[in-house]
Every structure is written in structure tokens, then in C-alpha cells.
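Trainee: Using the sequences and the hints given, assemble the complete structure.
The chain contents come next:
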Amino acid sequence: MSANANAALLDVRDVSKAFGAVEVLRAVSLEVKRGEVVSVIGPSGSGKTTLLRCVNFLESYDSGSIRIDGREVGYREAATRQRRSERDLAAMRAETGMVFQSFNLFPHLTAAGNIMLGLRKVRGKSDAEARQIAEHWLGRVGLAHKADSLPAELSGGQQQRVGIARAVAMEPKILLLDEITSALDPELVGEVLEVVRRLAEDGMTMLMVTHEMAFARDASSRIVFMADGSVSAAGPPAEILGAEIENERLRNFLARFRASHF
Amino acid sequence: MGYALNFNLIWRHFDKLWGGLLLSLELAVISIAIGIVIGLVLAVWYVSAGRVVRAVIAAYVEFIRNVPLILLVYLVFYGLPTVVDIAYSAQTSFIATLSLYSGAYLVEVFRSGLEAVPRGQIDAGKAIGLTPWQRLIHVRLPTMLRITLPALSNTFLSLFKDTSVASVISVPELTYGAQWINFNTFRIVEVYLVVTAMYLLTGYVLLFALRLVERRFRAAR
Numbered sequence: 001m002s003a004n005a006n007a008a009l010l011d012v013r014d015v016s017k018a019f020g021a022v023e024v025l026r027a028v029s030l031e032v033k034r035g036e037v038v039s040v041i042g043p044s045g046s047g048k049t050t051l052l053r054c055v056n057f058l059e060s061y062d063s064g065s066i067r068i069d070g071r072e073v074g075y076r077e078a079a080t081r082q083r084r085s086e087r088d089l090a091a092m093r094a095e096t097g098m099v100f101q102s103f104n105l106f107p108h109l110t111a112a113g114n115i116m117l118g119l120r121k122v123r124g125k126s127d128a129e130a131r132q133i134a135e136h137w138l139g140r141v142g143l144a145h146k147a148d149s150l151p152a153e154l155s156g157g158q159q160q161r162v163g164i165a166r167a168v169a170m171e172p173k174i175l176l177l178d179e180i181t182s183a184l185d186p187e188l189v190g191e192v193l194e195v196v197r198r199l200a201e202d203g204m205t206m207l208m209v210t211h212e213m214a215f216a217r218d219a220s221s222r223i224v225f226m227a228d229g230s231v232s233a234a235g236p237p238a239e240i241l242g243a244e245i246e247n248e249r250l251r252n253f254l255a256r257f258r259a260s261h262f
Numbered sequence: 001m002g003y004a005l006n007f008n009l010i011w012r013h014f015d016k017l018w019g020g021l022l023l024s025l026e027l028a029v030i031s032i033a034i035g036i037v038i039g040l041v042l043a044v045w046y047v048s049a050g051r052v053v054r055a056v057i058a059a060y061v062e063f064i065r066n067v068p069l070i071l072l073v074y075l076v077f078y079g080l081p082t083v084v085d086i087a088y089s090a091q092t093s094f095i096a097t098l099s100l101y102s103g104a105y106l107v108e109v110f111r112s113g114l115e116a117v118p119r120g121q122i123d124a125g126k127a128i129g130l131t132p133w134q135r136l137i138h139v140r141l142p143t144m145l146r147i148t149l150p151a152l153s154n155t156f157l158s159l160f161k162d163t164s165v166a167s168v169i170s171v172p173e174l175t176y177g178a179q180w181i182n183f184n185t186f187r188i189v190e191v192y193l194v195v196t197a198m199y200l201l202t203g204y205v206l207l208f209a210l211r212l213v214e215r216r217f218r219a220a221r
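Taken in sequence, the protein lines are chains A and B.
For the first sequence, the numbering used here puts the final residue at 262, and the numbers step up evenly by one.
For the second sequence, the numbering used here puts the final residue at 221, and the numbers step up evenly by one.
Worth double-checking, as some hints may not be accurate.
[Stated by the list, open to error] Reference listing, derived: stretches of chain B covered by chain A, where coverage requires no fewer than 3 residues with Cβ under 8 angstroms from a Cβ of chain A:
#, region
1, 119-126
2, 193-202
[Stated by the list, open to error] Sample of chain B residues lacking proximity to chain A, with all beta carbon distances greater than 10 angstroms (derived):
#, residue
3, Gly19
4, Tyr46
5, Val56
6, Glu62
7, Ile64
8, Val67
9, Pro68
10, Leu69
11, Gly79
12, Ala116
13, Val168
14, Ser170
15, Leu206
[As the list claims (entries may be wrong)] Derived CB-CB ranges, DEER-like:
#, chain 1, residue 1, chain 2, residue 2, range
16, B, Ile137, A, Gly142, 25 to 33 angstroms
17, B, Arg216, A, Ala79, 53 to 61 angstroms
18, B, Arg54, A, Ser126, 39 to 47 angstroms
19, A, Gly45, B, Val52, 51 to 59 angstroms
Derived from the structure by calculation, the hints contain no laboratory data.
Quick caveat, the model's predicted, so the values are computed rather than measured.
Yeah, the Cβ is synthetic: ideal placement off N, Cα and C, and Gly gets one too.
Mentor: Structure below.
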């Protein structure tokens, strides 16, 4: 599909969105290339999560364009803003994986069942095939022994690892991670970040909203700093989180962040 | 006051009560089954429909909820055949009435259940690429049924008691059986004591069984 290998896999152009009078996104643009890990940081209310939810069209946007692999995501064309059919949207969303802050596992399905649902209904795999893939990914996130456990029987960290396995088992082109450790007890954060770190090493393209600065610094190719609904700074980790920062808002944000985390 | 309790005549005609109880259960089970279908279809339709459909469904629910059941039974059994050219047995007529009746209550139960399905689960269904129909079948309905199970068993229990209304159109369920024995033996106190015990006992057994089912599903959350 893509015209050339260097073109961005995810191309967000001038996306704006308002909830009533509140402008949550103001002409946001960013690119994620194949194999890149891009972290979005910023104070709460800066529009990070909304931006992420626009990428797989869980939220619509008012103007601008979001393309994955050259294809407009939520609209037939950016110009006419004619919304895609629900069937089309479902097919587009199957190309992106998403991991949620609050896990959002299906409570009536086991760990394996959660992973198998999309494989069977969306990818058209047989039960046996889907089960095999589910077990493979549960093994990868260290939960092979929990395949038949219900979400309620798992810890938060385990649930989130199932959430990651559910998303990557669909072999998405890009993985969206929405503050995936924010709802976890501190001692469970590490096991989840470790899984993400290994996915990054395997070349998974990721766009993640995070408050884990150390992790963002170590795992990201680039960091995007958002404030008040727009991209305020963007660049490699060393530049964004480095010692000399010219951007005053970013400096204040990091100072506040360090003060609250020592 | 020299009234001496004498249950002999009741036991002699006990087959009327036993058969009546079985019919009561049958009426309740068939009606709730049809009522569940009505309730599900209308609830799903309601949450995804426009204003007009919503108004029509709401009108049906309000009508049923504000008219006494016994009146609905009369309307369907005596009223409808005089207006429309259809014929049906008292039993069929009662099942139709009780189904519409429970359906109206279950629309409300299922509608609020659907709205109580956490947003995040629906988002997760969207994110893996499920179509709206697939999300309904595989995500929203399973969670909704878990949420509504207690209300569903309460509805069934009161429906079981409501089958006694069928006696007014001579459907030979439990209360009708009691009246029959009453007319033929005049052992009023004994009959109603026995029948009350039968309703009570059956109700308890049903309650116990339904709570077991609920607990099983709650454990599976």
C-alpha cells in the first residue's frame, strides 16, 4: 500500500477537535515511522489520550487527517469528512492494536478467550488456530499458566499483560498504549513495562501516552510533549528530557514531575 | 366456632392442585421465555433507535405497566376477538398476555442493563475490530445478562405468582384448581391453606435454584 518505505506509517496532520467550547486538540501533527516507538507526554488535560483515541477512531475529530499506511482512518476522504461505514471502521481498527489504562478485558471470557475473540470473529481463524495463537502470546507475556483464568482472578499487572497480548495477537500495524501503567500498583508497573520493552526490541511500531518518564527516555525513538491540545515540543529523548531545555512549558512540566517523583 | 379442619377432601382432589401447579409453572416458563425475546429485541432496538421508535416502545412499556394485569387478561381474551376475527383458547390468550406483560418489564430491565455495560468494554471491542453486531453479541449482551440476572429472576418469581390471574378466564392452573375444589367441597380454609403452602414452597425452591445460577455467574465475572 505505502508509496515508499520511508513514508510514515502513521501520519497525523493538523488534527483539531473540540468538545463543545473546549478545544482539546489544536492542529496536532505527528508522524510515526515503521518500527519507531513514539511517546507522548504532557500534563493531564493536554489532549494526549484524545489524540490516541482519534488514531483508531474511538473519537471522531473535527478537521485534519489521520492516515495509517496511506489510508485515511475514520473518513472516506479527509476533505469531504464523509464517515466510513461501521463495517469499514471495524476493518480499519483491526489494523491498530490498543491497550487501555483500565485494561478493559471482557469479564466473561478467560485470558485465552479474550485474545481469541478478535482472532476468531475478525481474523476468521478456527478455534484451534486462535487457541494456539493465544497460548503463544500468553507465553510471551509470561502468563502461559493463566490461559483459563478469568480476568477477575488475575492481578492488575497480569490483566494488563493479557490486554497487551490481546492487542498484539491481532498483528496490528501499530500498537497504541494509553497510560497502560497508570492504574497499576507501583510494584506491578515493572512487569508490564518489561513486556512493552521486548515488543519494542522486536520492532513493533508503537505510539504511547505515558507518565513513566524513565521508560519513555529508555524505550522511545522520539518523545512528543503536548500542552493545551497542541504539540509543544518533539524530538529524541536526549533532547526533550535533557539538561538544557528552552521550551518553558516543558521545563515547568518536568520540574513539577521531578518534584512529585523525587 | 366449631370448625374442624378436615383435609381428606383436599387430598382426594389433589390431582387438580398438582396438575394446576405444573400448569402454572408451564405458563410462567413459556411467558418469560417469550417475554425475554420481546424484552431483548425491544431493548436493543430502543438503545440504537431514533426518537419515534423510542416513543412507541416507551408507550408500550408505560401502557402495560399502568394497567392491572387482570384487565389486560380480560382485554386480550374477551376484547380482542370481538374486534378482530381471531379465535384462541383461554390458555393461549393468557400466555400471550403474560408474555406481553413480562416483555414490557424486561425491556426496562434490559435497557438499563445495556446502558450499564462499561464504556471501556465496548471500546475494547471496537479496538479489536468487532462490528457493531459482533460487539452486541460477544461483548454487550454477555455483560448485560450478568448485570440483569437478579432482576430477571425476580421477574420470573413474580410472574409465577401472576399466573393465578389466569383463573379468571378458567385456565386450570393452581388457583383455578383451588376454586374448583372449593366449589365442590366447601373446604375453603383447607384448600387455601394447602394452595398457599404450594405457592410458597415452589417459590422458595425457584428462588433457591435461581440464586444458585446467579452465584455461578457472579463467580464468573
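Trainee: With reference to the structure, classify each hint as holding or not holding.
Mentor: Each hint tested on the structure:
1. Closer than 8 angstroms: that is the beta-carbon criterion, and the region 119-126 of chain B has 6 residues meeting it against chain A, so the requirement of 3 holds.
2. Under the rule that three or more residues need a Cβ within less than 8 angstroms of chain A, the assignment of the region 193-202 of chain B is violated, with 0 such residues.
3. With a least beta-carbon separation of about 40 angstroms from chain A, B/Gly19 lies farther than 10 angstroms from that chain, consistent with its non-interface assignment.
4. The non-interface label for B/Tyr46 is consistent with chain A: the shortest C-beta to C-beta separation is roughly 19 angstroms, beyond 10 angstroms.
5. Non-interface call for B/Val56 relative to chain A: holds, since the shortest CB-CB distance, roughly 24 angstroms, exceeds 10 angstroms.
6. A cut-off of 10 angstroms between C-beta atoms confirms that B/Glu62 is not in contact with chain A; the least separation is 32 angstroms.
7. Listed as a non-interface residue, B/Ile64 keeps its Cβ farther than 10 angstroms from every Cβ of chain A; the least gap is roughly 31 angstroms.
8. The claim that B/Val67 lies off the interface holds: its Cβ sits roughly 37 angstroms from the closest Cβ of chain A, which is beyond the 10 angstroms cut-off.
9. In this structure B/Pro68 is separated from chain A by more than 10 angstroms, as the shortest Cβ-Cβ distance comes to about 38 angstroms.
10. Separation of B/Leu69 from chain A is adequate, the least Cβ-Cβ distance of about 34 angstroms exceeding the 10 angstroms criterion.
11. Non-interface status of B/Gly79 relative to chain A is upheld: no Cβ of that chain comes within 10 angstroms, the nearest being about 43 angstroms off.
12. The non-interface label for B/Ala116 is consistent with chain A: the shortest C-beta to C-beta separation is roughly 13 angstroms, beyond 10 angstroms.
13. With a closest Cβ-Cβ approach of about 42 angstroms to chain A, B/Val168 is found to remain outside the 10 angstroms limit, as its non-interface label requires.
14. Chain A leaves B/Ser170 outside its interface by the beta-carbon criterion, the shortest separation being 45 angstroms against a cut-off of 10 angstroms.
15. Remark: the non-interface label on B/Leu206 is consistent with the geometry, its nearest Cβ contact in chain A lying 25 angstroms away (cut-off 10 angstroms).
16. The hint said 25 to 33 angstroms for the Cβ distance between B/Ile137 and A/Gly142, and at roughly 31 angstroms that hint holds.
17. A C-beta distance of roughly 54 angstroms is found between B/Arg216 and A/Ala79, which places it inside the suggested range of 53 to 61 angstroms.
18. Distance hint check: the CB atoms of B/Arg54 and A/Ser126 are about 41 angstroms apart, consistent with the given range 39 to 47 angstroms.
19. A beta carbon spacing of about 39 angstroms between A/Gly45 and B/Val52 contradicts the range 51 to 59 angstroms that was offered as a hint.
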